[in-house]
Amino acid sequence: MQKNWLFRNTASQKGRVIAMTPQNSEFKFLSCGRIILDKEVPKASGVNEGAETTLLCLHGSGSVNVGGNSYTLSRFDGVYISRGATFEVATEDSVDIVEASCPTGKIHPTQFVNFQKDVESSDSLTLHVGAEPYYRDIHKVIAENVEGSRILMGVTMSKSGNWTSWPPHEHASSREELYLFFDIPKPGFGTQFIYTNLENPEFVMPVYEDDAVTIVKGYHPNVASPGYPINFCWALCSLEDDTWRTLGGVNVQPGFEAMPTGLR
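Once you know that position 253 of the sequence shown is 253 in our numbering, the rest is easy, because the numbers rise by one and skip nothing.
Derived by calculation from the structure, the hints in this document are not laboratory data.
A quick note: this is a predicted structure, and the numbers were derived from the prediction, not measured.
Any given hint could turn out to be false.
As the list claims (entries may be wrong) - DSSO-like cross-link-like pairs, simulated, lysine-lysine; straight-line CA separation at most 27 Å:
| id | residue 1 | residue 2 |
| --- | --- | --- |
| 1 | K14 | K39 |
| 2 | K186 | K39 |
| 3 | K3 | K217 |
| 4 | K43 | K14 |
| 5 | K106 | K28 |
| 6 | K28 | K3 |
| 7 | K217 | K28 |
| 8 | K14 | K217 |
| 9 | K3 | K14 |
| 10 | K117 | K159 |
| 11 | K106 | K217 |
| 12 | K39 | K3 |
Using the sequences and the accompanying hints, generate a full structural model.
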């Protein structure tokens with residue numbers, strides 16, 4: 001069966017929708033989706049049996065209840081949910097959350113990350129990387145700051161017209177990755193590349209706000225259209241428990257090694 005690299009408009013439905021799974025994508029382990037709630041659909045619940053789960057708030061505000069503990073989320077806050085734990089998300093207004101999960105044999109505690117307090121002011125979790133025309137801010141929301149097994153999660157924000165994920169790098173031997181694009185005002189778009197050999201790329205396509213791309217191999221830079229940014233939430237999944245819970249360890253495309261990746 002042909003499996004997808006690109007998933008268009010992942011925000012088309014309200015509620016909890018897991019759009020990308022190993023059954024319909026190139027992923028072997030990672031499952032991802034959106035939880036989009038408002039006054040019409042104010043609650044959603046979920047459980048990922050045998051898997052750890054991460055949530056990252058893209059827009060709005062809401063609450064996440066896990067095991068009787070409630071966490072209030074706003075923009076870019078995150079929650080790591082222990083393996084197999086049931087959770088409920090609710091809002092009194094509107095909230096848009098990216099969900100990622102993957103199987104693990106390990107159990108780690110549920111943890112909450114406040115973006116403004118814990119991430120935005122941290123020199124190790126907020127990275128200012130590159131220079132024109134490949135400058136971006138990388139915010140590591142769920143990473144080495146959180147006890148976990150396999151998933152990392154955060155956001156990358158570019159300047160208008162800039163490249164990100166530059167220099168081109170890959171990590172096929174250790175991790176698979178999701179890019180879910182947000183805050184790209186229409187008619188702006190980006191162009192996503194995925195290739196092991198640039199002369200015969202596996203994937204080159206325009207991407208728009210709310211599109212998602214699955215990355216399991218190959219170099220994967222992208223570029224914003226002039227006058228618009230390219231911003232994305234990323235979820236990295238290690239191929240093994242308790243390994244590569246950091247952004248480092250990437251392979252830079254030969255010829256570009258002198259450029260800083262910011263993936264330390």
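**Request:** Output the numbers, in ascending order, of every earlier hint that fails for this structure.
**Result:** 8, 12
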